[in-house]
Amino acid sequence: DSGVTQTPKHLITATGQRVTLRCSPRSGDLSVYWYQQSLDQGLQFLIQYYNGEERAKGNILERFSAQQFPDLHSELNLSSLELGDSALYFCASSVDGDRGKSGEQYFGPGTRLTVT
Amino acid sequence: AQTVTQSQPEMSVQEAETVTLSCTYDTSESDYYLFWYKQPPSRQMILVIRQEAYKQQNATENRFSVNFQKAAKSFSLKISDSQLGDAAMYFCAYQVKSTGKLIFGQGTTLQVKP
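Sequence lines, in order, name chains F and R. Quick note, the first sequence lines up with residues 27 to 142 if you use the numbering used here. Quick note, the second sequence lines up with residues 12 to 125 if you use the numbering used here.
One or more of the hints may lead you astray.
What the hints assert, rightly or not - Some chain R residues judged to face chain F by a derived CB distance under 10 angstroms, without partners named:
{"id": "1", "residue": "Ser53"}
{"id": "2", "residue": "Ile57"}
{"id": "3", "residue": "Phe75"}
{"id": "4", "residue": "Phe102"}
By construction, these hints were calculated from the structure, which means they are not laboratory data. Quick caveat, the model's predicted, so the values are computed rather than measured. Each residue gets a CB set at the ideal place from its N, CA and C atoms; glycine is no exception.
Bound-form chain R, shown alone:
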């Protein structure tokens, strides 16, 4: 069974600094997708970034980028130039390609200090 692990329950970063959130996963599949979702206090789930397993190039979306290490089954999220609005819970998710269902990690709460 596929599992997703986020080992950092809480992280904090100074405004304008860079922070990296960790995620590891376990799967026997070779083709799958990985996502980071953001959940602010409003509880809305917002898609941050997506990575396709067969693509070696790391995905980037503005200030958000990932470090995808397929052999190590690691998928970390880097947030550059952190802003107060980045404060939220961040979920790493693995997508079973054959069905599309998302398997989520436990989440990491990110605090941004002014």
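Just chain F, with the same shape it has in the complex:
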């Protein structure tokens, strides 16, 4: 158990819908990262938050957004869902993500999203 929790474990929804994935980092970790794992794209970095602020962006679609709340949990919002959004979405956390102090990242169990 990494100490990172993600809910829900599985999500099945229809095209065009909107979903919210939730992540709670390990106690004391300030940084949260979101990754997408799909068969065709592999593991891709989406976005990073550090202590409530967006720190880095990867290949995140405009239909996707995220935020980190004062209690440091994070949510990833996916809207206007398409079949191709079906994937495993991971959240990871680290103690710090401040520039020059990157730390080891610990992954949650992931949320399996299926868009039908």
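Following the hints, position chain R against chain F.
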């Protein structure tokens, strides 16, 4: 742009034997981190080992060790005394130090034969 390449989609090893998984990367940075993550059938991503680019000494964690060749941009993982529980997909990852984001290779599926 940084890239990570794992050229072996699949590997197999006999139980108790040693196996080496390959990884190469491309970067213009001089200070960065490299990781190996294990993903068993449960899909959980488990950190196996970490290497800091400015450290010449190769990292070791129990039966897992790396061969880090900075000039060649190579970072291989050696698993000694392989166990059935080592069967998994292994990902090599490069960490951009300025942001912390991980860039992953395509993964290598390791099969351990009893």
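Results for each hint:
no. : hint   : verdict
1   : Ser53  : holds (8 angstroms)
2   : Ile57  : holds (8 angstroms)
3   : Phe75  : violated (15 angstroms)
4   : Phe102 : holds (7 angstroms)
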